[in-house]
Amino acid sequence: MLKVPYVTNYLSEHFAEDDYPTLEGYLRRGGYAAARKAITQMTPDQVIDVVKASGLQGRGGAGFPTGLKWSFMPKTTDKPKYLACNADESEPGSFKDRILLERAPHKLLEGILIAAWATQAQTTFIYCRGEYAFPAAQLARAIDEAYAKGYLGKRVMGSRFSHEVVLMLGAGAYIAGEETGLLESLEGKMAKPRKKPPFPAEHGAFGMPTTVNNVETFCHVPHIIGNGAAWFKGFGTEKSPGTTIFGVSGHVVRPGLYELPLGTRLDEIVFEHAGGLSAGRKVKGVIPGGMSMPILPAGQLDVPMANEFLRERKTMLGTGGIMVMDDTTCMVRAGWVITYFFRDESCGQCTQCREGTGWMHKIFERIERGAGSRGDLEILLDVASKMDGQTICAFADAAAWPVQGLLRHFREDFEAHVSHGKCPFPQSFEL
Amino acid sequence: MVISAETRARIDLEIAKYPKRRGALLPTLHLVQEELGHISLDTAKEVAEIFAIAPVEVMEVVTFYNMFFDRPQGRHHVYVCTNLPCSLRGARGLLRELEKHLGVQTGETTPDGRITLGHEECLGACAYAPMMRIDGKYHEDLDVDEAKRIVDALR
Ligand SMILES: Cc1cc2nc3c(=O)[nH]c(=O)nc-3n(C[C@H](O)[C@H](O)[C@H](O)COP(=O)(O)O)c2cc1C
Ligand code: SF4
Ligand code: FES
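Chains A and B supply the protein sequences, listed in that same order. Residue 1 is where the first sequence starts when you use the working numbering, and the numbers rise one by one after that. Residue 1 is where the second sequence starts when you use the working numbering, and the numbers rise one by one after that.
Misleading hints may appear alongside valid ones.
[What the hints assert, rightly or not] DSS-like mimics (lysine-lysine), calculated; alpha carbons at most 27 Å apart, straight line: (1) B:Lys-45 / A:Lys-154; (2) A:Lys-422 / B:Lys-100; (3) A:Lys-192 / A:Lys-239; (4) B:Lys-148 / B:Lys-100; (5) A:Lys-52 / A:Lys-233; (6) B:Lys-137 / B:Lys-148; (7) A:Lys-154 / B:Lys-100; (8) A:Lys-362 / A:Lys-196; (9) A:Lys-282 / A:Lys-79; (10) A:Lys-3 / B:Lys-20; (11) A:Lys-79 / A:Lys-239; (12) A:Lys-233 / A:Lys-79; (13) A:Lys-195 / B:Lys-20; (14) B:Lys-20 / A:Lys-79; (15) A:Lys-192 / B:Lys-20; (16) B:Lys-45 / A:Lys-192; (17) B:Lys-137 / A:Lys-3; (18) A:Lys-37 / A:Lys-149; (19) B:Lys-148 / A:Lys-79; (20) B:Lys-20 / A:Lys-196; (21) A:Lys-189 / B:Lys-100; (22) A:Lys-189 / B:Lys-148; (23) A:Lys-52 / A:Lys-196; (24) A:Lys-196 / A:Lys-314.
It should be emphasised that the hints constitute simulated quantities derived from the structure, not laboratory data.
Only chain A is shown next, with the shape it has when bound in the complex:
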């Protein structure tokens, strides 16, 4: 079981209590009251309006406004409508959904119920990464309990609303986290992302209108319905309300999870909450939002963790996975590891992505070995710029951005490899 966050807030306040994952424990702390309120006292449109007014943005990486997404679901259709919960969490550096699955499975189910009422969805498919055997087992137990006590299934809580939940395990593919790759995988196929349009709200899982949301996104919803949009906007920034559960990893004294309002400064998270670096070490760079997001150099950590501020520094919040690298770190090695990942996980449908990720890794390999040339840096930038925004899904952008970030801020590391003819960072992490 994952350690509870070092700093808690409304999402994680009960995580240290052993009975919280059980239905009884959840009910004892006010659980399912928001779902009851939504289903028995609010119309679906009223629920959507509150979520819109709250300003909640998706926590799966893209930050899309949740209420707006729900409103895309067709109102008049004779087709069954579905929700998909994205529990594929595979973005390197991210482990927040895992703790929500492990410690708050009923909070997730309650959020799903409210979303299902709002969109009038018949079934939710929860797609959980296959490696999360324990979190998935916690969730499966919670689903069984919820069915047994009438919180799921026919006539939820005695109302006229019925909702089914199906839990499916993935089988190890990063691209299955992309929302249309996820839908393909749900249908028993290779997780190759679909061309859009049509968008999932029109043609989603099994060809039916579908809304896809991240685990954490769903988990904010009971709090918003229970306490109101104004309450929610009391956390975070004006444009990015609420908290998120940041995951801090790498060279810090206290790696772990921290639930903090959006807009908390990155340097505060790294140095105050996560305890800074070990004695004598300094920060070299920090990846602020999971591996797809461009790195920031030590001098730019005075940034509030919200997209409106991070964008000014050419990076994004992503999934809030913060990776800290100290001054021993070789940024070419970091790039080697990053490009290895993207080369292996590309689904191969688009030439630019399939070839580009392979080329980028090959060039990193060459530079790290000391066999690179000055021209290689320009080739890298050229390959990356050709991948950005030209493909079926955003994976190719996600692969290009970190490379562009490394070259933007750590060009001297690359040049030092070329001029020394070998890696000039003997103390760097082992490759």
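Guided by the hints, dock chain B with the ligands onto chain A, whose structure is given.
Okay, now just chain B with the ligands, sitting in the frame of chain A:
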């Protein structure tokens, strides 16, 4: 027939959950692999019959996903995560030590068929690195000695 009647019954329960039969293909492959250890071409043919699709469609799915195997594996799977946060905290050094300790390269199985050693991408345990996943269970905050002790205890 390679798939047991028991597993077949569990497959039918999965099929009932999805609006289209094929939705149960991944759950089926998990069940079949749990029983047989890997998914051979013969197994794929049987699975294909259940879903009324071509065997090649089953094999495509098997090879697309990292957690499915089309050939026999060791009795235990030991995977070290080598993605960036884990690498920053020594995961690759740990993997090298395990290679030496077990006398195999990453991706290989010990001659006695006891352990297949592998590496994986981020497993959602980045703050507790280095870590390894053994037969579905996570072992976190490892050092080399502890990791060796854990693999030695596998039979
Ligand atoms: C390559 C790629 C991988 C992704 N992986 C995940 C993932 O593991 N989990 C997730 O929730 N969203 C992931 N996303 C984002 C989803 O496509 C989608 O935007 C999200 O699930 C929507 O939920 P939200 O609006 O609640 O954030 C990924 C996107 C891309 C392009
Ligand atoms: S961009 Fe890459 S991952 Fe996305 S569909 Fe194209 S090849 Fe596949
Ligand atoms: S990088 Fe190893 S668990 Fe995330």
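For each hint, the structure was consulted:
no.	hint	result
1	B:Lys-45 / A:Lys-154	violated (37 Å)
2	A:Lys-422 / B:Lys-100	holds (26 Å)
3	A:Lys-192 / A:Lys-239	violated (33 Å)
4	B:Lys-148 / B:Lys-100	holds (10 Å)
5	A:Lys-52 / A:Lys-233	holds (11 Å)
6	B:Lys-137 / B:Lys-148	holds (16 Å)
7	A:Lys-154 / B:Lys-100	violated (57 Å)
8	A:Lys-362 / A:Lys-196	violated (31 Å)
9	A:Lys-282 / A:Lys-79	violated (57 Å)
10	A:Lys-3 / B:Lys-20	violated (39 Å)
11	A:Lys-79 / A:Lys-239	violated (35 Å)
12	A:Lys-233 / A:Lys-79	violated (35 Å)
13	A:Lys-195 / B:Lys-20	holds (21 Å)
14	B:Lys-20 / A:Lys-79	holds (14 Å)
15	A:Lys-192 / B:Lys-20	holds (19 Å)
16	B:Lys-45 / A:Lys-192	holds (23 Å)
17	B:Lys-137 / A:Lys-3	holds (16 Å)
18	A:Lys-37 / A:Lys-149	holds (18 Å)
19	B:Lys-148 / A:Lys-79	violated (55 Å)
20	B:Lys-20 / A:Lys-196	holds (22 Å)
21	A:Lys-189 / B:Lys-100	violated (38 Å)
22	A:Lys-189 / B:Lys-148	violated (38 Å)
23	A:Lys-52 / A:Lys-196	holds (24 Å)
24	A:Lys-196 / A:Lys-314	holds (26 Å)
In summary, the structure is inconsistent with hints 1, 3, 7, 8, 9, 10, 11, 12, 19, 21 and 22 from the numbered list given earlier, while agreeing with the others.
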